[in-house]
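Go by the hints and put chain B onto chain A.
In order, the protein sequence lines correspond to chains A and B.
All the letters of the first sequence, read from the start, carry residue numbers 34 to 271 under our numbering.
All the letters of the second sequence, read from the start, carry residue numbers 34 to 271 under our numbering.
Read the hints as simulated data drawn from the structure, not as lab findings.
Keep in mind it's a predicted model, so treat the numbers as computed, not measured.
One or more of the hints may lead you astray.
Each pair may be met inside one copy or between any two copies, as identical chains are not told apart.
[To be verified] Only pairs whose alpha carbons sit at most 27 Å apart, straight line, appear in this in silico BS3-like list of lysine-lysine:
id	residue 1	residue 2
1	171	267
2	128	202
3	267	117
4	202	171
5	117	148
6	117	128
7	117	171
8	117	202
9	148	202
10	171	128
11	267	202
There are 2 protein chains.
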Amino acid sequence: MTSQWEAALEALRNGECVAVLDGEEREGETDLFFPAASLSPASLRLLRTQAGGEMYMSVGHEVASAFGLPYIGNVLALTEVSAKFPVFQYMEKSKGEMCQGSCSVGVSLDHRTTKTGAPDVERSYTCRRLAELFQEVKEMETSVDASQRRFGEEFHTPGHIFLCVENGKGLSVRTGHTELSIALANAAGVTPVMVGCVMLSNDGDDFGALRPAPARAWAASRNIPFLTGSEIVKHVLG
Amino acid sequence: MTSQWEAALEALRNGECVAVLDGEEREGETDLFFPAASLSPASLRLLRTQAGGEMYMSVGHEVASAFGLPYIGNVLALTEVSAKFPVFQYMEKSKGEMCQGSCSVGVSLDHRTTKTGAPDVERSYTCRRLAELFQEVKEMETSVDASQRRFGEEFHTPGHIFLCVENGKGLSVRTGHTELSIALANAAGVTPVMVGCVMLSNDGDDFGALRPAPARAWAASRNIPFLTGSEIVKHVLG
Chain A
34 MTSQWEAALE ALRNGECVAV LDGEEREGET DLFFPAASLS PASLRLLRTQ
84 AGGEMYMSVG HEVASAFGLP YIGNVLALTE VSAKFPVFQY MEKSKGEMCQ
134 GSCSVGVSLD HRTTKTGAPD VERSYTCRRL AELFQEVKEM ETSVDASQRR
184 FGEEFHTPGH IFLCVENGKG LSVRTGHTEL SIALANAAGV TPVMVGCVML
234 SNDGDDFGAL RPAPARAWAA SRNIPFLTGS EIVKHVLG
Chain B
34 MTSQWEAALE ALRNGECVAV LDGEEREGET DLFFPAASLS PASLRLLRTQ
84 AGGEMYMSVG HEVASAFGLP YIGNVLALTE VSAKFPVFQY MEKSKGEMCQ
134 GSCSVGVSLD HRTTKTGAPD VERSYTCRRL AELFQEVKEM ETSVDASQRR
184 FGEEFHTPGH IFLCVENGKG LSVRTGHTEL SIALANAAGV TPVMVGCVML
234 SNDGDDFGAL RPAPARAWAA SRNIPFLTGS EIVKHVLG
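With the rest of the complex left out, here is chain A:
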């Protein structure tokens, strides 16, 4: 019998969906993920209709490094920014276990060829191209400056895709959905760019995240592999 771990890696290699619960003691949220490299408009429609939360793209640390993509928090903390826009002196991200001293949020972007950037066909193209461009510059072994230029030729900011950037030490430092999804991509051998969306409740007066039991049942009913953060950590870190 195939384990959920093996089923998840196989699903990602086939461009299919996996479900990841970070942990009931952490966020307690289940996010669905597709690999960006083969993302279809239909996959994006599934994320927004079946999961429903904010859509984001997690990128591996090596992807952010290749293109020089920062955490937005490090941009807003610059002296000139807080001097010119003092509100940022007061808006520093709250510390807590969800951020663990830093935060994964990067910039937003759209591919320059999109019209508004919002529809499934446009957002899925933006995601696919970012994954493809990373493979292209990786194979060319080009300089970071040349990679940044190519990045800017294709993408502008702000846009409709919000990046979450893996920290440089992966799961050993942070076990958020960003790190968990990139660890899965690396284990599956697919490009470390993943498109995720948190599952929300559509049930009556429960307006929170979808609870772990119904999330697990939903995934089982669709043959979508379901993993918890601790299962992923155990497989990756041993």
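Frame of chain A, contents of chain B only:
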């Protein structure tokens, strides 16, 4: 017979939804809007299940001014930002009619009391509190610095609510959904903070924005007022 314009203003005063098509020659997208001041978790669920696109909060120019909230493009264009993070030298927003030389996108935020910030109950609270806080500082006629401090005591960045900021000259300069929704709020006499979401197609192989005819039919079937950008401009500017 009540006109769509009067029905829209009445809906907003009651905390209900309106639909706005910017124009078939512009984006050709229909966005649903609720007034933020009375936003419920159920309203937010309706936006994400019935509209489906990126959710955002449009704020009037006076709201952004009261709290010193900038366009993110003006932050990323600062010398220190582009010197430290050169990728921004290359990622300048494409010029085009959707941006008309500038862009409406501001910062993202969550209320500090939220856990992850993502679920409907948390996002709706973030939106309501921003609208309430604007009314509070407006009535107190406090200084911009004091307002910014109070803003930072309640909200941190980055977060799950993405702001779109009305330009200072409203509909006379730009007729995007940001300006259209704020013009409606002002006409209805509600706090100029609106929560919007673009309607996307869920129909077969059409992965674009929901077309104007089915958007109009959907609104009619639910008794939701439907206005076009040119109708709003005509009512507001005469």
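Hint check:
1. 171 <-> 267: Neither: 29 Å inside a chain and 53 Å across chains, both beyond 27 Å.
2. 128 <-> 202: Intra 19 Å, inter 38 Å, cutoff 27 Å: intra-copy only.
3. 267 <-> 117: The answer is neither: 46 Å in one copy and 37 Å across copies each exceed 27 Å.
4. 202 <-> 171: within (20 Å within a copy, 46 Å between copies)
5. 117 <-> 148: Intra 32 Å, inter 30 Å, cutoff 27 Å: neither.
6. 117 <-> 128: both (24 Å within a copy, 25 Å between copies)
7. 117 <-> 171: between (37 Å within a copy, 23 Å between copies)
8. 117 <-> 202: Intra 33 Å, inter 22 Å, cutoff 27 Å: inter-copy only.
9. 148 <-> 202: Between. Shortest inter-copy distance 25 Å satisfies the 27 Å Cα cut-off; intra-copy 37 Å does not.
10. 171 <-> 128: neither (35 Å within a copy, 30 Å between copies)
11. 267 <-> 202: within (16 Å within a copy, 56 Å between copies)
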